[in-house]
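Peer 1: Read off the chains here:
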Amino acid sequence: MGRYVARRLLQMIPVFIGTTLLIFLMVYSLPGDPIKALFGDKAADPATVARLRHQFGLDQPMLTQYWNYLTGLFKGDFGQSFTGRPVADLIGEAFPVTIRLALYAFAIEVVIGVALGMLTGLKRGKFVDQLVLVLTLIVISVPVFVLGFLAQFFLGLKWQLITPTVQDSMNLGQLTVPAIVLGALSLAYVTRLTRTTVAENLRADYMRTALAKGLPKSRRLGVHLMRNSLIPVVTFLGTDLGMLMGGAIVTEGIFNVQGVGNTLYRAIQTSEGPTVVGIVTVLVLIYLVSSLVVDLLYAVLDPRIRYA
Amino acid sequence: MPEKTTVNPGAVAGPGTTGDTVDLAAPGVGAAAVEAAGGPANKPRSLGQDAWRELRGRPMFWIAGALLVLLIVMAIVPSLFTGADPDHADLRNHYLGEPQWSHLFQVDWFGYNKQGQSVWARTVYGARASIIVGVCVTFAVTVFGGLLGMLAGYFGGWADALLSRITDVFFGIPLLLGALVLLQAFTNRTVWTVTLGLSVFGWMQLARVMRGAVITQKQSDFVTAAKALGAGHTRILFKHILPNAIGPVIVVATIALAGYISAEATLSYLGIGLQPPAISWGVDISAAKDVLRDAPHVLLIPSAFLSITVLAFILLGDAVRDALDPKLR
Amino acid sequence: MRGAKSATWVAGAIAVALTATACGGGSSSGNNAAVDPNGTYTYYSTEPQHELIPTNSNEVGGGYIIKNLFRGLVDFDAKGKLRYQNAESVESTDNQHFTVKLKKGWKFHNGEPVTASSFVDAWNWGANAKNAQLNSSWFEPIKGYEEIHPKEGDPETDKMSGLKVVNDNEFTIELSKPVSTFKERLFYDAFFPLPKAFFKDTKAFGEHPVGNGPYQQDGNWEHKVQFKTKKFADYKGVDKPKNGGVIFKFYNTDDSAYNDLVSDKVDIMYKVPNSATSKFKADLGDRAVNEPYGGQTTIAFPMYDKEWGKPEKAKVRQGLSMAIDRDTIVKTVLKDAYDAADGWVPTVVEGYQKDACGEFCKFNPTKAKQLIKEGGGVPGNKMTITFNNDGGHRDWAEAVCNDIKQNTGVNCAAQPRPTFQQVRNEITGKKMDSAFRMAWVQDFPNISNFISEQYRTGAGANDMGFSDPELDKLMDQANAAKTIEESNKLYLQAEKKLTETMPSIPLFFDHTLGGYSKNVQNVKFDTYRQAIWTDVEVKQK
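Residue numbers (our numbering), protein chains in the order written: chain A, 41 to 348; chain B, 33 to 361; chain C, 8 to 548.
Here chain A stands alone, though its shape is the one from the complex (with noise of 0.2 Å):
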C-alpha cells in the first residue's frame, strides 16, 4: 500500500507540472496586454508599462517565466495579481467559499442521492421507481444554468421565497438553492448509479448467501448491499468534488456567490494570467488528491483490490 501511494504521487508530479504549464501557457498567450488595461481608457504611459511588465517578470521567456513562477509555488508564493495583491489573498479568500458551497452541494449529493438509489433499486420497477427515473433523466437533460435560472425565477422572483441573489456568500441558508443547483446533475447520476448498482447486487450470490444464513434484513442491506453497491458510487463521488469545484462558475455567477468560479471567471476575461494559473493550480492540486483518496478507499471497500 505505502508503495503504491508512494509511486502515485511520483506520477503526480509530471501531472501537475503538464497541467500547469498548459494553462500558463494558454493564459499568458492570450491577446490583450493587461498592464496596458490598467490604466484604462487613459493612454498608458511606455515608461510605466516597461517598469510594470518588467516587476511582473513579463518582459522574460514564457518558460523563464514559468520556471519562476513554478519555483515561487514551492516556497508557498502564488505571485501577486496585476494588480498589486498577493493571489495567495485571493486565493483565500474565494476558496472558503466554493469549499463550502461544493461541500454543501456534496453532501446533499451523497445523502439524497444515495437514498434515492436505495429506494429505488430495491423498488425496481415500481412507480417510484419510475418517477425518480423519469425525474433524473429530466435534471440531467437541463443545463445547469437553465437549472440555475428556472430556481432563481420561480423560487426568487416568483415566489419570492429566497432572495434571487446570494447576498452573505458565507450563510449556509443563502447557499441552499445554488448548492441544489450545483449538486442536481451529480444527484440524478449518483442516484441512477447506485439503483443500478444496488438492483445488481441483489441479485448477487452473497446476498442470497446473507439471506440463507438468517441475517437480519437489516444487516443484509446496511452491511452486505451498501458495502457492495457504493463502490462504484465512491468513484463517481471522488472525480466528481473537483468538478464541483470548476461548476461552480455557472453557479456562482448565476446567483452571485463570491467564490472562486466568479472570482477566476473574471480573471480570465481581463487576462488575469497570475491569478487565473493560481486558481487553477489549487484545482489540479484537489483533483490530483482526491483521484488518489477514491483509488485508496476503493482498496478500503473493495476487498478484492490489493495495491502492491
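Any given hint might turn out to be false.
With a Cα cut of at most 30 Å, we get these calculated DSBU-like pairs of lysine-lysine [stated by the list, open to error]:
| # | chain 1 | residue 1 | chain 2 | residue 2 |
| --- | --- | --- | --- | --- |
| 1 | A | K76 | C | K166 |
| 2 | C | K184 | C | K235 |
| 3 | C | K278 | A | K76 |
| 4 | C | K278 | C | K111 |
| 5 | C | K278 | C | K380 |
| 6 | A | K198 | C | K158 |
| 7 | C | K158 | A | K76 |
Note that these hints are calculated values from the structure, not bench results. The structure presented is a predicted model; accordingly, all values stated were derived computationally and were not measured.
Assemble the complex: chain A is given as a structure, and chains B and C must be docked to it using the hints.
Peer 2: For chains B and C alone, kept in the frame of chain A given last:
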C-alpha cells in the same frame, strides 16, 4: 512497405482452420461470443445487427429518434418550420411581445424578444448551432481520443505511459474552464472555433475508454492468432481490435454528445461561445436574462428547446448503451 | 457570467467635485426625521483594484474611497466652481509659475500636520518612474518630469526640479510650459498630499491609508466585503460631514446590491442594474433617482480607414444617424435609463444647447436612405458596431443596428468583444474598419471637455483619428477667449460644425439611475453620478 507482405498472408489464411476463427471473430462481438456461437455453421450476427435488433424493440429509442430527426431537419431547413426572418426586429410594435399560444407555428407563437424579434423563429434557427457543435465535437473527440487510446492500449510500455500522462494532464482541467480560456483567444468566434475549444478539452474520456477496451481485446485469442499469422500492427488494430473495442466508445461518445450541446450553450451564455449575430440558444438565453422579470418566455422557450435536444441525445445514448453494452445495463 | 464586470475606469479625472446637477437629485423625503450627526451609512461600491494610494488608483472602487480620505489643494463646489481646500491660495501670473500657500492647522488622520513637503514629496514619489504609478502622467507638465520619469531606464533623480518648498506652508511649482487649466487639474487624486508614514512602508499604507480628508479609515479594510470610514474630527475643510461616516460595501453584481437597497441593507446606490430598471421606481418610490449626468454615448467611425475617410462619406454617416429611432430605443430597450441625444454635449453640462445636432439626429428614414445614396453608400453595404460585452451595451448596439438594417437596407451587425480591454487594444491600435462604441464621461462639466478631448486633431481620446483644421482653429479661439461665456459660444459653434463631417453619431445621454434607503435623507447626486457624500444625513434610529 512491410505491412503489405504481412497483410497478405492473413487474408490468404482466411479459409484455413485457425484463420476461420479470426475472420469470424473480427467483426463479431468478441472472443466470448464466438465461443458461444459454436461452430462456423451458425452464421454469426455482427455487433451492429445485434444492436439494431436490441434497439428496435425499445420505445425510448423511437421517441428519441423521432425527436432527433425533427431537430436535425430543423437544423438543416429551418424555413420549413417558420417563414419568419429570425433577424427581423421591430421595436415599435413588438418589444417584448407576449406569446400567442393559439397561433401555432406562427411568427408570434412564442412572442417577441426585447429587440422585437420572433422568439419562435430564433428558436428554430438556433437549433443549427447546437447540433453542429454537438455532432462535430463528438466526431472530433472520438477520432482523436480513440486514436490516442488505441495507440496507448495497443503498444503499452513507454507509449502508454506517455500518452496516459498527457491524458491525465488534460483531465486536470475541467472542460468548461479549458474551453473558456482557449476561446478567449479568439475575437471572432464561430461554431468551428467553439467546436475546436470543446474538442481540445473533451477527448480524454474517450481515450481512456478506448485504451481500456483495446487492452482487453489485445489479450484475446484472435489477436494472438492474427499475430502468429504475421499480421501487421495496422491490420491487427483496425481489422481485429477496433471492431471489437468500438462498442464502449460509441456508447460513451453518444452520451457525451448531449454534454457537448449543453457545454456550447453554457459557453455562449457566459459570453465566450458563439456571439451575435450568430443565432444560438445560448446566445438568446444570455440576452434574455435581464428581462427575466418582465418577459420570462424569452428565456424559457429557448431553454426548453435546448433541454429537449439534450434529452433526446441522452435517451439515444441510453438506448445505444443498453444495446451495445449489456453489462452496463 | 452575470455580474462579472471589468473595472469601471475613472475616465480621465472624475473628481470628488461636488457639482450639483440642475435638477438637484432627489431631495429628501419625509424631512421631519431627526438626524443623527454621528450616524453612518453604507454606500454601494466595488472592491478596489489596487492598493489605496492616490497616485495609483484610477478606477472607481478605490477612487471613491480615496476621494473621501483625502482632500487636495482645490476641489469643485456644489455649483461647479473651483474652490480652495487645503490651499490658502494658488497664484500665477503666467500660468507657468505657481505659488501655493497652504491653510494652517490642517492635519493628517494620524495627527501629523500637512505641510508643503507633504505635497511635494508625494508628487515626486508619484512621478518617479521607479514606483511605476498608474497616474504618474498627471505630473507631466511639471518641470523635471522627463528626468524623474525617463522614457527608458532608471531616473537619475528623485525630485522634480519644478517643485520647491519655500517653507512649511508654501511651495512653488514651475511647469515646463504654460498650462492654462493647471490649477483646475490640481483637484485630481494624483495631487493629494501624503504623510511621512507613507514613505516608510508604502505597502502597509495601501491597506491603511492615512489622509487629510473628511473621513478616516475605521478598522481594517475587509477585502471584498467593505471599507469602513468615520468622521475625522480635526478636518479643516469647508465641507464638514453631516454624518458620522461612510461604509463602502463591495458588490460583485449590481443585482445583489439592488436587493440590498430595496431591503434597506445598503443605503445609497448610484447604479441600478439592467434587470431592475423597469421596476426600481415602483420599488423605491420617491427615493428612486433617474436623472441625466455628464456622460454620453456615440458610435464613432475610423476616419483613418480608406473608405470611411473619404469626404463624401460624411453624407453616409449623416444618413445612418437619421435611420436610428433613438426615442423608441430609449423608451423600449433602454427603459428610459438614457435620453435620446440631440448633440454631442449632455444636457447637464455647461454650454449645452438644444438640438445642436439639428435634423441629423432626428429619425427620418426617407432622408436617411437618400443621404446614404448621395454619399455613395456604406462600403460593401456592410457595417458593424463593435462594443465591449462586459459593459451592458449589447442591447442598444443591437437595436441601433436593427434600425439601420431595417430602415436603410445596410447590412449591420453588432459585434461584441468580450472585454473593454480588447476593444481598447483594437481601437488604440487603429485596427477598426467600421463603427465602434465611443463614450465620454466628463472630467469637468463644461462643453470644452466634450469637444476638445475627442475631436481635436491628435487629442488623447480622439479614437477616430479625426482631423478638421477649421474645428481646431475654432477651439483655439475658444481657449483664448476672455470669458467663459464667450468660450462656450465658440465651442458650441465647433459642436455644430461636427454635423458637417459627422465623425461620430451621437446616440444617448447617460442617466444616473440610483436610489437610497429609508435610513438616509438629503441625498443628492452630482453630474459625476456620485452622491455628495458629506451632505448625506442619517436618520435617527
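Peer 1: Next step is simple, just say for each hint if it's right about the structure.
Peer 2: Structure-based check of all given hints:
no.: 1; hint: K76/A with K166/C; result: 26 Å, holds
no.: 2; hint: K184/C with K235/C; result: 42 Å, violated
no.: 3; hint: K278/C with K76/A; result: 27 Å, holds
no.: 4; hint: K278/C with K111/C; result: 39 Å, violated
no.: 5; hint: K278/C with K380/C; result: 41 Å, violated
no.: 6; hint: K198/A with K158/C; result: 59 Å, violated
no.: 7; hint: K158/C with K76/A; result: 16 Å, holds
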